[in-house]
Structures are given as structure tokens and as C-alpha cells.
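Q: Each chain, written out:
Protein chains: 2
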Amino acid sequence: MPAALDQLIDALRVLPGVGPKSAQRIAYHLLQRDRNGAGRLARALDTALAQIRHCSRCNTFTEAEICERCMSASRDPQQLCVVEMPADLAMLEQTHAYRGMYYVLMGRVSPLDGIGPRELKLDRLLARATDGTVQEVILATNFTNEGEATAHYVGEMLRARGLKVSRIARGLPVGGELEHTDIGTIAQALYERRAL
Amino acid sequence: MPAALDQLIDALRVLPGVGPKSAQRIAYHLLQRDRNGAGRLARALDTALAQIRHCSRCNTFTEAEICERCMSASRDPQQLCVVEMPADLAMLEQTHAYRGMYYVLMGRVSPLDGIGPRELKLDRLLARATDGTVQEVILATNFTNEGEATAHYVGEMLRARGLKVSRIARGLPVGGELEHTDIGTIAQALYERRAL
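Respectively, the protein sequence lines represent chains A and B.
Residues -10 to 185 in the numbering used here are what the first sequence lists, from first letter to last.
Residues -10 to 185 in the numbering used here are what the second sequence lists, from first letter to last.
No lab work stands behind these hints: they were computed from the structure.
Take these hints with a grain of salt, some might be off.
Because identical chains cannot be distinguished in the list, a pair is counted as satisfied if it fits within a single copy or across any two copies.
Unchecked claim - Think about it this way: if two alpha-carbon atoms lie no more than 25 angstroms apart in a straight line, the pair counts; the simulated SDA-like pairs of lysine to any residue are: (1) K153 with R24; (2) K110 with Q21; (3) K153 with R46; (4) K110 with T84; (5) K10 with D(-1); (6) K153 with Q124; (7) K110 with L161; (8) K153 with Q177; (9) K110 with R24; (10) K153 with H85; (11) K110 with N25; (12) K110 with E125; (13) K10 with G96; (14) K10 with G26; (15) K10 with E82; (16) K110 with G96; (17) K10 with T84; (18) K10 with D23; (19) K10 with D65; (20) K10 with P(-9); (21) K110 with R14.
Could you build all of it, start to finish, from the sequences and the hints given here?
A: Pasting the structure below:
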């Protein structure tokens, strides 16, 4: 096999979930059927590597030192919402139900993957949350085991500093029917019922 | 989302089987956890695009006009083995049971994907096989529906030119047990039985 092809197959294994067989399949596909796309991908990788960094305030991906959202004067600086990934932030923004600030963990506590508080750099979140302006931290990590563990850990850490900490609610989805909802969610919806 | 990130996510969709969600996941992974790997991938793509082409004799990927195998004087130029992909060629080579030449189709006849004899450029195979030196063409396409259809089509085409055409054998695998082999393979093994 030509060296350049070997190297491409090897380099493709940097993609998550891609082993030797699929790396080979991808390399063949690109060289055989989509050379333009492969060239575009190489350039997009270079550009992104050169331009994308983490916002020094909220930690999300940005091209500036501080992202536009963190610079915005129209957002409430007293609320800080903690999410796992930028995609979660995007979902929350689409609700138009929140006008505060964010902090993006870029991950979650996951002992099995060797990701603990240190790897998540939670000291940066701590510094951000204790800037003197933030009054309430809203934990919006996922309701997976790892997301829950992350919320628990972050919540304890921030409450110890005297911050008000809340967690987004669990319950039935909008349009949800009891008959088609799992027992755990129904139990939680009962437990977290609201007075009317 | 920053423009460079958007463009990277879009460019990653060139990878087979990667939709918008996994493109986003891959982009986050590369930017967050493996920037070195992403840079290596960009360079490997550029190098491969610049250096890899198809051998003008056997059609496999190569960095030269004619690949090393086709240039080799120690191989039998009277036998030509037709395979679908370079990976198939590599498997056959590992057997050390064949010392002839190859032709790599870089695909298979697949009407559902719009790949017919014209898209496979079978006229190039025809020219290669009728060079006056090749005496026997061994069809080693897969025993899938598409591989079988390809073998049938190529076989008819070459036999019409007076070439001797053969097909690699079907049967039980080495170490195979009747009890754990599918009926179709057993039937074929019976049908293609050899005199001892």
C-alpha cells in the first residue's frame, strides 16, 4: 500500500469510533469518490484548529477571547447556567426561556473514562461562579448517571461557597402521556410536583 | 456557533455515514481532545490527495504511474485476478497462493447505487485483459449478490473475447463444521465437490 494511503488510514483513526477497517473504508471512499470533499475537510480542519478556542468566561467554542454571548449587555449576569456541551447550550437558547449567562463544562464527570473534577477543570467554573455578580447557578447537565453525578458534585462545590444552586426540573415531557412514560420519570414528576 | 466550527461540522459530513449530529460530535471531540490528531489528519488528507492516484495497469491506489506489483518481473503476467477493492487484493496476497497480476475494480456492479458497467469503467479491464499476454482471468469478487453479478457480467464480457475465465471456489471455510455452516454454502460445497 502506498505510504500516503497508509498515513491517511492511520490519521483517520483519530475520529471517534473509527477502527482500522472503517478508516480504510473511509480513505477509499474519499480518494475514490469525493476528492473535493476531502480537500474541503482538510482546509476546514486547518481553519478550525487555527481559529477555534475556548471562551475565557464561559468555556464554549469561540473565535474570540470572549464569546459574543458573554460580551452581551442584554443578558442577566446574575444567573449562570451550567451545561455539559455547546449543543446543550444551543437547545436551551432555542427555548428563549433563559436570558442569563452560561458555563459550558465541555464534558461531564465520568470516572470510567478517567474524567474527574480535575480533568473537567471545575476550578475554572468555581472562579467564574464566584465573581461576585453571579447570584444563582442553574445546573442543566443531562439526567444521565454521569450528568446527575456532575450536577451533584458541582452543586455541592458551589453551595459550599454560599451560592444559590438550582437544578432544571424532571417530569413528563410537554405532550407526554402517563401511559407511555417510564416509571422513573413519573415517580420524579410526582415527587417534584408543583403547587397550583 | 463560530463560522469555522460550522464549516468544520459541514465538511465532516463528507465522511460516509456521518450525519449532522455525529459531525458535531466529531468536531467537538477533535477540537476538545485531539487537536494534534486533527492537524495530522488535515496533512494526511492533503498528502494523499496530492500523491495517490490509480495505477494505469491494475487500477489500484498508487503513488506511481504504474504500481510496484505491476512492474514486478517475478510475477506471472499470464494470470489476471479481478478483485473489487485493494483490501481484497491484500487478503489474496497474504495467502502467498497467487503469483499473477491483479485488476482492482474499485467497486462492484450495484444497480441500486447507480453503479453499472460504465461507472466501473469495465472497458479499462477489457483492454487490460486483452493485452495479448493474459491467458486466464480469475474472478475473485465477493460472493455477495453484487459481487456475483459483477463476476457474471465480467465473465461473460471476457469469455466473449476468447479468454479463459475462472471463479474462486465456494465451500466450507478451513476448520469449518457442517453443523455450523449455512445451508447455501453446504449446497455449494456439494455442487462444487472435487474428485480426489
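Q: Enumerate the violated hints, using their earlier numbering and listing them in ascending order.
A: Hints 1, 4, 7, 19 are the ones this structure does not satisfy, whereas the remaining hints hold.
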